[in-house]
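Spelled out, the chains give:
There are 2 protein chains.
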Amino acid sequence: VTESAFIESLKDLATHPAARGLADDAAVLEIGGRCLVLTHDMLVEGVHYLPDDPPGDVAWKLLAVNLSDLAAKGARPVGALLGYTLSGDTGWDSAFVDGLNTALGAFQIELLGGDTVSAPPGAARTLSLTAIGEAPGPAPSRSGARPGNHLWVTGTIGDAGAGLRALRGEIPSDDALVESYRLPRTRIEIGPDLARLVSAMMDVSDGLLIDASRLAAASRVSVEIDLATLPLSTALLSSLGDSLDTRLAAATAGDDYELLFTAPADRSLDLLALGARFGIPINRIGEVLSGSGLRLHEAGKPVPLPARLGWEHR
Amino acid sequence: VTESAFIESLKDLATHPAARGLADDAAVLEIGGRCLVLTHDMLVEGVHYLPDDPPGDVAWKLLAVNLSDLAAKGARPVGALLGYTLSGDTGWDSAFVDGLNTALGAFQIELLGGDTVSAPPGAARTLSLTAIGEAPGPAPSRSGARPGNHLWVTGTIGDAGAGLRALRGEIPSDDALVESYRLPRTRIEIGPDLARLVSAMMDVSDGLLIDASRLAAASRVSVEIDLATLPLSTALLSSLGDSLDTRLAAATAGDDYELLFTAPADRSLDLLALGARFGIPINRIGEVLSGSGLRLHEAGKPVPLPARLGWEHR
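Which chain is which? The protein sequence lines are A and B, in order. This note's numbering puts the first residue of the first sequence at 1, with every later residue one more than the last. This note's numbering puts the first residue of the second sequence at 1001, with every later residue one more than the last.
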């Protein structure tokens, strides 16, 4: 509650239109007739990644979580500024740089600058990154969903969360699920084309349900999700089996970095064609209705909202 | 040494011209015919500020250290992205937001976005900020100094370092010096006009001598500083007395956030007129020569370089 109060107090300061009331994934700044998208996400050891995750994977994740925000605004990557806390562990630092090099190449983004600081011994590593992108077309917000729109999501949901559970020893380990947790894909390649078709878009980072409820709140609409249509991977299904519990766990786990978006019903074929062109699964998982809040059902049978919809503040 | 190796390995990744080889205060990105300047600096509790510094002052300093980099590139502030680590101390958080509000207004910069994360209990606070500016004219680098140029600095040097010593109880306390440490001024107002007159410019953050030696290295020239011409405040002189030790301490203390720049000799009158127009002292403190490295003298008498020129990595 006090964390929410803190963020609310920051919103009072962010009055510029480019800030989008701090209610969006990124800032959108018009300059010289171009549309710049700016986002800044941090990773804290033990909070956003596990202390024994490979350093190169942490570098990848640091870029990916920021690029996912650019994707949600339909932006192509331009450059990144890195904030790095030296740990005193030179092996870790050097493996991080190797992974960063790989990730910069994979995501085709340039390292433009940043800051390297010392931290007190034993402090949890805190890594930050600012990603700058440019949107060639419209930069969708979270607030454009309209009653009658359909709700869609890219890829599959819940793999990263299951990977985290596997790393914690709560479920049997599975390479594909662990990789989903440590090396999120991001949908940066399809973002700009999707942006032309959607009415609202955001990335799924804190959990499908909490993120969908934020989209509903920003758009002042109600969102209804059919859990039966939730796209689940075969890796997830063979690890956890298919049940309502599995589907609710997947929908609240977070770290998916898939795109969640709404679009008018007459865009459905265009959306499916776009997904096919990029080889990215796109699935319709619900509806936008008038009213407010989030409702769940499973193939028509109402499902009560779980107590926890996802991560509140990380 | 290993920290330097880390930064060298990052430089290998930063091949885009906008990165300026990570050898500058900021990235300079041309977009849509406009010149964007981007910088990202972090503050770590116990490293860059004292744990009992007032939270509002920490917010001010977080903005100021970044805006000082914009000033050095002749850029005007556009917006900022804040990376904030929640501490669990709501009083601290709330005082930080109040100070941030004051500083945003004073520096006329907009809060555009960012990230708020939780940190493990007891972790040192790590705060990050990305500042985006726009240079209306040229964005000077560190590498443009030429033999025959004069070396100049704005304001006075060493006040913040003496303020830190006062807060640590090493010298008697003095309100003006403490304020210089906690609430650095930055030279954001004069930066764009200075940028039209200088051949190279940077801000003094790690210590006048170490920063001057970096400017010399980036420009492949030698810099000679006359310590007798170092501008010192009356507060500093009455606290520490005037001596070579005082002048060397001031020149290696850091946290000044003044602008250090070089210019052809025939620009001297223009520079002095500009300083007078803005009410900002501008003093000539040395010469640019061919060769390499840094040399010191005091009114013609050679002074050996101190063992420590300033902060290496913070």
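Each hint should be verified, as a subset may be incorrect.
[As the list claims (entries may be wrong)] In silico negatives: residues of chain B with every beta carbon more than 12 angstroms from chain A:
| hint | residue |
| --- | --- |
| 1 | A1005 |
| 2 | E1008 |
| 3 | D1012 |
| 4 | R1034 |
| 5 | T1039 |
| 6 | I1109 |
| 7 | T1116 |
| 8 | A1235 |
| 9 | S1268 |
| 10 | E1298 |
| 11 | A1299 |
[Unchecked claim] Each pair of labels, with its calculated beta carbon distance range:
| hint | chain 1 | residue 1 | chain 2 | residue 2 | range |
| --- | --- | --- | --- | --- | --- |
| 12 | B | S1094 | A | A276 | 48 to 56 angstroms |
| 13 | A | P51 | B | A1228 | 50 to 58 angstroms |
| 14 | A | K301 | B | P1017 | 35 to 43 angstroms |
| 15 | A | G33 | B | G1279 | 46 to 54 angstroms |
| 16 | A | P54 | B | S1292 | 38 to 46 angstroms |
No wet-lab data here; the hints were simulated from the structure. The C-beta atom is built at its ideal place from N, Cα and C for all residues, glycine as well.
* Which hint numbers does the structure go against, in order from smallest to largest? -> Result: hints 1, 2, 3, 4, 5, 6, 7, 14 and 15 break, sorted rising.
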